[in-house]
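Number of protein chains: 2
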Amino acid sequence: MAAGVTVSLDAMGGDEGPDLVIPGALRALTRRPDLRFRLFGDEALVKPMLDEHPKLREASEFEHCEIAVRMDDKPSQALRRGRRRSSMWRAIEAVKTGDADLAVSAGNTGALMAMAKLCLRTTAGIDRPAIAALWPTVRGESVVLDVGATIGADAQQLFDFAVMGGAMARAVFDVDRPTVGLLNIGVEEVKGLEPVREAGQRLKDADLSNIDYAGFVEGDDLGAGTVDVVVTEGFAGNIALKTAEGTARQIATYLRNAMSRTLMARIGYYLARDAFDRLRVKMDPRRGNGGVFLGLNGIVIKSHGGTDAEGFATAVELGYGMVRNGLLDKINNDLTAYSQSRPEPETDVVASAGAA
Amino acid sequence: MAAGVTVSLDAMGGDEGPDLVIPGALRALTRRPDLRFRLFGDEALVKPMLDEHPKLREASEFEHCEIAVRMDDKPSQALRRGRRRSSMWRAIEAVKTGDADLAVSAGNTGALMAMAKLCLRTTAGIDRPAIAALWPTVRGESVVLDVGATIGADAQQLFDFAVMGGAMARAVFDVDRPTVGLLNIGVEEVKGLEPVREAGQRLKDADLSNIDYAGFVEGDDLGAGTVDVVVTEGFAGNIALKTAEGTARQIATYLRNAMSRTLMARIGYYLARDAFDRLRVKMDPRRGNGGVFLGLNGIVIKSHGGTDAEGFATAVELGYGMVRNGLLDKINNDLTAYSQSRPEPETDVVASAGAA
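In order, the protein sequence lines correspond to chains A and B. Following our numbering from start to finish, the first sequence increments by one per residue and tops out at 356. Following our numbering from start to finish, the second sequence increments by one per residue and tops out at 356.
Same shape as in the complex, but just chain A:
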């Protein structure tokens, strides 16, 4: 591979397809000139756009794909229609063959995860991949996983999520030994779910060199940034993520309504508009755009399907940073180092009914 970072892109993913992906790639390239792209998609749509941007065209290799996975395809449908020949599959496969350092798609999450698992396989010692999100906090950002790859997790899977999330925090933040918390609730006698308690005990006993285990955290610790990494199973994680997004939108609506209600408020808004702009940047969901698939033999990033060029560029640059900082090596090294502290596999499962 070249000295730069090569990103394979599913040009057909997302609500807008190439109209999102091409301008997004262009933005990322402008800021990171050593980026190279491998683009997969419909020639008739993508080629004309590339011709408009010679700089991007020069940095890219393009391959035509007949099939585009639809946003509402079920994973099984997507695999049936698109295995080996869809733009999504080919983008992932480029990571497997070493033609790209990572893949980015704004396509549908279930299909992307199903294809990534099938094509790249899980890392040795990991039986379940997770989706990690960068969560904006009052202190900066935290890594939160799993935000929706799978429903339920046993103690060992939560332990593995902690290790992988810790490695991601080291690759993305400037921190040597990130703090890690397990998401739990405090109202039960037993202090929450059994697998969560068991995972907490294992993390405490293992006393890992690259992770500072900080105990249980609750939902309000997410926005407070109490720890660098928050570990949970995918059902609660997905609900937390969407609840936070919804709350941010809700408050933005309140704010807009309040500021447009009287003349005085509108004047005040005008004078303070720089401050409001700063606030808008802080609350911008595009800043944290990109769910990172962890636990696979390769990096795959899911961009929001409804984002814009800036949001897509953010997802590409997140991957760029992780490749530069050796995310996969960090994960594999940690998993190997900690394999001694992992007990025998067991079977307690949070949600046996939901396990995929």
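One or more hints might be untrue.
Here are the computed lysine-lysine pairs in the DSSO-like style, where the Cα-Cα straight-line distance is at most 27 Å [to be verified]:
1) 204(A) <-> 282(B)
2) 330(A) <-> 204(A)
3) 74(A) <-> 204(B)
4) 74(B) <-> 282(A)
No lab work stands behind these hints: they were computed from the structure.
Given the coordinates of chain A, work out where chain B should sit on it, guided by the hints.
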């Protein structure tokens, strides 16, 4: 019982005890002059405060209790120390004996639920109570349950939560046939948890006269107010509630920082201060204060332990409104009416490991 509404109060509950409860009761009484109170607590602390407020003293009967349940008591500890003789127990017992229409405590949630279950017992046909919260939305408010009474729920329990939440919405909102959604995640092939899907099928089949079943909702539908009632099990519900609270605090911090950063922003803030006050009221967590215990033979409301007099008064007035609107009758009528549509009990459980 008198024509007014009688509320029994655990005067020792919450971080501040009587310093929270007495001013809170006074506020509620000022706005609802037909309120009557039965107060339970430490004579040495409560009596002098009552003597300062003759109006409240006249509206109240006081009973001395030796024991106060501590905020960090485990439920089992609280029962051991405080059964039959703590201020918390006695406040609940007043509902059982008919001396009060409802009980309010700002004491610890686990202890309050344990005592309420033991003293009041669950309503016929209900095997698990839930805690319902009033959730502020861009459209107004929604009822969300369970926000933390118990981890996990099977399909029948979720169905019962829907019936009870619907009855609460009818008692609290001006709506005849509230819309009800089941909280779920959308990324899995199977579209979320098995018990959630099963509960959805049952609600669809039952076609209840007092509930408009609206299907699955996701985390971001909470703040959007997509439905009047959102049903979930207690682990995900508690995490969603705390995540939303944390996100609101986080954005308030962003806003404060942004508005104090430059002179222009401070001037703008000053001019728009009425608008900011309105926003503060909208975002005020005291507005939705009060977790309502549903599924018991009596109404018990949990106020936040760290709230202030206004927040505590809100919890009292929430209960006042529910008594006035016949919440328990609505729940019991609906449960009876729908008992035909309830299939035989079954055993699929979300989190068998965590079920208390």
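Notebook entry, point to check: Under the criterion that the straight-line Cα-Cα distance not exceed 27 Å, is the pair residue 204(A), residue 282(B) satisfied?
Noted result: Cα-Cα ~42 Å, so violated.
Next item on the list: For the pair we were handed, residue 330(A) and residue 204(A), check the Cα-Cα distance against 27 Å.
Entry: It holds: about 21 Å lies between the C-alpha atoms, which stays within 27 Å.
Next item on the list: Take the C-alpha atoms of residue 74(A) and residue 204(B), compute the straight-line distance between them, and say whether it is at most 27 Å.
Entry: holds (23 Å)
Notebook entry, point to check: If you draw a straight line from the CA of residue 74(B) to the CA of residue 282(A), is it 27 Å or shorter?
Noted result: Given that 27 Å is the threshold and the Cα spacing comes to 40 Å, the pair is violated.
Going down the numbered hints, you'll see the structure goes against 1, 4, while the others check out.
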